[in-house]
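Chain A is already provided as a structure; the job is to place chain B on it using the hints.
Chains as they are written, first to last, in the working numbering: chain A, 66 to 172; chain B, 427 to 540.
Everything labelled a hint here was simulated from the structure, so no lab data went into it. Glycine is no exception: its CB is placed at the ideal position from the N, C-alpha and C atoms. Some hints could be false.
[Claimed, not checked] Far from chain A, some chain B residues (derived; all Cβ distances over 10 Å):
hint	residue
1	C439
2	S441
3	T475
4	E513
[Said to hold, decoys possible] Residues from chain B that face chain A, not an exhaustive set, calculated with beta carbons under 8 Å:
hint	residue
5	F460
6	L472
7	I519
8	A529
9	F530
[To be verified] Restricting the straight-line Cα-Cα distance to at most 30 Å, the calculated cross-link-like pairs of lysine-lysine (DSBU-like) are:
hint	chain 1	residue 1	chain 2	residue 2
10	A	K159	B	K492
11	A	K141	B	K440
12	A	K122	A	K141
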Amino acid sequence: GQNIDQPTEMTATEGAIVQINCTYQTSGFNGLFWYQQHAGEAPTFLSYNVLDGLEEKGRFSSFLSRSKGYSYLLLKELQMKDSASYFCAVNDYKLSFGAGTTVTVRA
Amino acid sequence: GAVVSQHPSWVICKSGTSVKIECRSLDFQATTMFWYRQFPKQSLMLMATSNEGSKATYEQGVEKDKFLINHASLTLSTLTVTSAHPEDSSFYICSARDRDIEAFFGQGTRLTVV
Numbered sequence: 066g067q068n069i070d071q072p073t074e075m076t077a078t079e080g081a082i083v084q085i086n087c088t089y090q091t092s093g094f095n096g097l098f099w100y101q102q103h104a105g106e107a108p109t110f111l112s113y114n115v116l117d118g119l120e121e122k123g124r125f126s127s128f129l130s131r132s133k134g135y136s137y138l139l140l141k142e143l144q145m146k147d148s149a150s151y152f153c154a155v156n157d158y159k160l161s162f163g164a165g166t167t168v169t170v171r172a
Numbered sequence: 427g428a429v430v431s432q433h434p435s436w437v438i439c440k441s442g443t444s445v446k447i448e449c450r451s452l453d454f455q456a457t458t459m460f461w462y463r464q465f466p467k468q469s470l471m472l473m474a475t476s477n478e479g480s481k482a483t484y485e486q487g488v489e490k491d492k493f494l495i496n497h498a499s500l501t502l503s504t505l506t507v508t509s510a511h512p513e514d515s516s517f518y519i520c521s522a523r524d525r526d527i528e529a530f531f532g533q534g535t536r537l538t539v540v
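Isolated chain A, as found in the complex (with noise of 0.2 Å):
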């Protein structure tokens, strides 16, 4: 089966950083994706990482260690519109969610 790990809350500052870390064990992997969900809208495409490293993508990076099942987005110069709820999914002919990390950012 699928197992996939992210913290449930996290909460930060504006113009701070935050790293919502992801762990993952599963029976293929043909790639992660990071989403970004408001509430009562649909997830939105941030990030796809299939070879290990650092992604970056304005003020949003992710990065994907392969041999560790581990992947994290990093989310930089915090805004208020950044308080969402994040999903890692990875890849294996359909995708399987984590189960989501929210995001606070307060003033």
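Chain B alone, transformed into the frame defined by chain A:
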């Protein structure tokens, strides 16, 4: 990114009736489409995977006779919730895959059964 359009965005129906939700890939051909259900403050749970022209593959615990999926073309998949009951009220989201890389999500459909 590619665009996936899901319709309707929200629907209220009476218990016992059926509801059809459409998912369209607007600018690419989706060989595979996925249907998810999400309850409040929970993760997305995969219901079924559909490939164009073949029967959908349902996840364990999902009733195939209740959640009918049709993937008649490379740009359209439909989910029909048959004989809906209040416990079927949820947020239903489709996603479409372009080859084997990104999965793009529709806007989601909020179903309320009264």
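For each hint, the structure was consulted:
For C439 (chain B), the condition that its CB be more than 10 Å from all CB atoms of chain A holds, with the nearest at approximately 19 Å. Every C-beta of chain A lies more than 10 Å from that of S441 (chain B), the closest at about 23 Å, which supports listing it as non-interface. The Cβ of T475 (chain B) sits about 5 Å from the closest Cβ of chain A, inside the 10 Å cut-off, so the non-interface label is violated. Consistency note on E513 (chain B): stated as away from chain A, and its beta-carbon is indeed over 10 Å from all of that chain's, at 20 Å minimum.
Evaluation of the F460 (chain B) hint against chain A yields a held restraint, the C-beta minimum of about 6 Å falling below 8 Å. Of the supplied interface hints, the one on L472 (chain B) holds, with its beta-carbon coming within about 6 Å of a beta-carbon of chain A, less than 8 Å. For I519 (chain B), the interface hint holds, since its Cβ comes within 8 Å of a Cβ in chain A; the closest pair sits about 5 Å apart. Interface hint at A529 (chain B): satisfied, since its Cβ lies 6 Å from the closest Cβ of chain A, which is below the 8 Å cut-off.
The interface hint given for F530 (chain B) is met, as the beta carbon of that residue sits about 7 Å from the closest beta carbon of chain A, less than 8 Å. This hinted pair checks out: K159 (chain A) and K492 (chain B) have alpha carbons roughly 22 Å apart, not beyond 30 Å. At roughly 46 Å between alpha-carbon atoms, K141 (chain A) and K440 (chain B) are farther apart than 30 Å, so this suggested pair is violated. At most 30 Å may separate the alpha-carbon atoms for a hinted pair to count; K122 (chain A) and K141 (chain A) meet this at roughly 11 Å.
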